[in-house]
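Trainee: Sequence:
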Amino acid sequence: MAQYIITHIGGAQPSIPEEGKQHFAKYKEWLSSLGDSAVSPANPFKNTSKVNSDGTVTTGSKTSMSGYTMQF
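Numbering of the sequence shown is given in the numbering used here, commencing with residue 213 and proceeding in unit increments.
Cβ-Cβ distance ranges computed for the label pairs, FRET-style:
hint	residue 1	residue 2	range
1	Asp266	Glu241	39 to 47 Å
2	Trp242	Ser276	15 to 23 Å
3	Phe284	Ser227	33 to 41 Å
4	Pro226	Thr270	24 to 32 Å
5	Gly232	Thr268	29 to 37 Å
6	Ser278	Asp248	18 to 26 Å
7	Asn255	Lys233	16 to 24 Å
Within a straight-line C-alpha distance of at most 30 Å, the following computed DSSO-like cross-link-like pairs (lysine-lysine) qualify:
hint	residue 1	residue 2
8	Lys258	Lys238
9	Lys240	Lys258
10	Lys258	Lys233
In case anyone wonders, no lab produced these hints; they're calculated from the structure. By construction, the Cβ of each residue, glycine as well, lies at the ideal position given by its N, Cα and C atoms.
All chains, full assembly: derive it from the sequences and hints.
Mentor: Below, the structure written as structure tokens:
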């Protein structure tokens, strides 16, 4: 059986609350369409950091990834 990790790329924040609600409703509809195959849905990345080879730490995501979903 194929297994997937779907990464989510963040975008611009909604300019008004209603826009955010509409976007989230579409996201929930998509997530529901995955059914039981989404075994670990909607896991956000928070407070991300990268440890560089010289030991310095950079905060934030370099790739704009904002979360992931595991699907089987």
